[in-house]
Amino acid sequence: MSNEAEGLMRIRQPIAVTYQWSAGPNATSHLEGLMEGRLIGKRCPSCSLVYFPPRNGVCPKCAAILAEDVEVGPRGTITTFCIVNVPFLGQKVKIPYVAAQILLDGADISMQHLIQECEADEVRIGMRVEPVWKDRSEWGPTLESIAHFRPNGEPDRALGSEAASS
Amino acid sequence: MAERCAVVGVGQTNHTSCRADVSIAGLVREAVDRALADAGITLAEVDAIVIGKAPDPLEGVVMPELWLADALAAHGKPVFRVHTAGSVGGSTAIVAAQHVMAGIHGTVLTVGFEKQSDGNAMWALSVPIPFGMPVHAGAGGYFSPIVRGYINRSGAPRHIGAMVAVKDRTNAVKNPYAHLHEPDWTLEKALESPMLWDPIRFVETCPSSDGAMALVLMSEERADRRPGPKAWVHATSMRSEPTAFAGREQVSPRAGELCAEDLWRKGGITRPADEIDVVEMYVPFSWFEPMWLENLGFAPRNEGWRMVEDGVTEMTGSLPINPSGGVLSTNPIGASGMIRFGEACMQVMGKAGEHQIDGARKAVGHAYGGGSQFFAMWLVGADKPN
Amino acid sequence: MARDVAIVGTAQRPSQVGTVLTSVELILPVIDEVIAKVGVDRREIGFWCHGSCDYMSGQPFSFVAAVDAIGAWPPIVESHVEADGALALYEAWVKIQTGECDTAVVFSNGKTTSGPIDQILTLQADPYFVAPLWPGFDTLAALQARMCLEAGVVSERAMAEVAVRSRRDARSNAVAWPPASMGDHSVDELLATPYVRDPLRAHDLPVAVDGANAVVLAAGDVARRLSPRPAWIRGFDHRIDTQRLGARSLVESNSARVAGRVAGVNADKIDVAELHAPYTHQELLLVQALGLDPQRTRINPSGGALVANPAMAAGLARFAEAADAVTSGRADRAVAHCTSGPCLQQNLVCVLEGE
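Chains as they are written, first to last, in this note's numbering: chain A, 16 to 181; chain B, 1138 to 1523; chain C, 421 to 775.
No lab work stands behind these hints, which were simulated from the structure alone.
A few chain B residues that face chain C, going by a derived Cβ cut-off under 8 Å, partial list only: (1) ASP1193; (2) GLY1197; (3) MET1375.
Beta carbons are placed, not taken as given, at the ideal position from N, Cα and C, and that holds for glycine.
Take these sequences, add in the hints, and give me the full structure.
Here it is, written out as structure tokens:
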């Protein structure tokens, strides 16, 4: 197979499409909580498990609308993590950095966020962490209102099977 | 109730990072023309075409099967498009087979493709969603915490991922169509490969490829009239589960287990590790080989890594995995599942050339997608199913 | 060896504009509704199939979230087509034909108003020669309308009559979206309005809405158990034409004609035809392609996709409406149709019958 590209025209076609994005009413209290520095998850009326964040406002196992607000955290436990060492377009954090799954106290599903203020190789499953919020003026309807999580010095918490699950 | 179905022709492109020498249509036709030639038929003899590919933002063409109708001479024929994320190549082949098994069409062409160099794959795979927390970790960042979970609970030694990587990259050297041809890997060198998303190393990750795979499927009546070897479809299976729910088992998803159990039951397989001659398994990050060996029932829980370490999954072993080099050596997302399914066919047809497993009569193709939540598998054999 | 498969239940979400719901929040209630209507446990459903379009959602893999609306636990057998839900229905029908399952839920959703649908569908075009011109999906339809008018195959009056009839019929359809602004205009009043995309006027263009719908399929005796009068699929076929507008006759739809013939549309026997025609002239072309007689057959008694067009769900909506017509006894035989691509490029035709 030849790989001759000479003489072949390539065109660059910019495509920009603008959408109106909605988080939906059932995730709204969670997002409004983040605007106020609060961690609000939602409980499934069917299985009673607490989701943070309440993706799509629905419990995927039960196909039930998540209705009840439940305040969770602020502390949590790392259930698993990875050390990101690959440069990315638009990367804001210096590599290597840790992206972790954190099970907030009171929640039944872990959430993803960054771990900072410690060496990447100090991070471990079971480590206890707490959120570091951005300046109040930067709070918005997004988990980005939290700059990162950091170890809080509490003894590690053994999670059992959660170590391998979400 | 269902009719029997056989794959009578297989064709794929020369996969590489950027096929700047062909248009999207040209890429598709390269695989299609090779499959048609392998089957000994022309496009005119195709009754229906089933196309699969991953998200359209990868190329910037919405529903490209509509435009490709011309390139595929499909005027006046049925054209169908499947999209099930990473498993799409596999589920597309299954949908195509079902058209034959349902007795609707006698000759079905199916093709999976991706020309992802045309767009920006990294962007398309992680378009930032409003209100979310972008950790910019990409697919590797999604899967590597899960891999860490597997290592943690199985006690697998840290070199297992590298062993699989060396195996797949070395196998790929024998596959003229594979994207990566890297003949000099050793375990020592692999263990020096930089960590990208610890615990996943650079050599343990798949490339981003342009490529296509095409298969020609026929009903039993038509297949019997064609000379040459066939890959008879013994069984197909698909299962899905939600992306994330409280308590979800991420390392060995239940959907994968059930997909395999269903396949074994339908295919009359009671001892997979003994009865299956070769598996083309969807392994985009090398640690998924031991994980899927367990998930699919080839190895007991937490023991999959031993099969790797013992060399069982080498081409010379008793259960070769990915003699083609696998996804780890070639990954056009929309095609990869079908490449697995097609390579399994090539094995039982005796058409795998230098990476042929001698005497292969039963082979499995496996594909997965999404957050390890969509699974598609098929069992093909050199002989007709019972 | 064909199995008898029927539509045994339908649910459609009332159309909205500018919904604030996520696609999952749109889909979940229609699935709950259709399952409750049919009286089946979701864990008994043999296959789930979904139709949607990533580019419409603005997110690659957008359909993955829809699995959250199903309650896919324990794991299910599920698939997805990057197309209208009517094609997902076709896949489900094929699967049931293989004997692998006896029941299926098919669903679709389209948040048509959250993005520039006209632009998005333009990206279906040839990426090298046509898409860079950004013609606009409505513009391509207008090109076709111009050719039809010049060929004398349709008239502006006949097009306006389609609009008047559709709007009137939509008023009695709880699911359609007849906004107050549509008013109650005569054909002459509509013909006096300005062209929007010459020769198309506002009433010739589809009203983009957000919607979701779901239907339940079942085979043989299972269907008879689940519905007092199942809408049996007697014929089902789809075909595609070239996309190159200059390479085919645009004053007809060859693929619709062939699909209609293979599906066995017998004009003498069709009581209701739900045709997916987002543009008025396209309804007229489809009636011709399928050989229907508007005196004998009621065309789009739901109001059709002209009045309420949730892209990627509008075709499945036609199937729901046609099935409802049969199940309710309003029709003994109905046609359901779905189109895809510019200017009626791809067409799916189904004949439904009540016993």
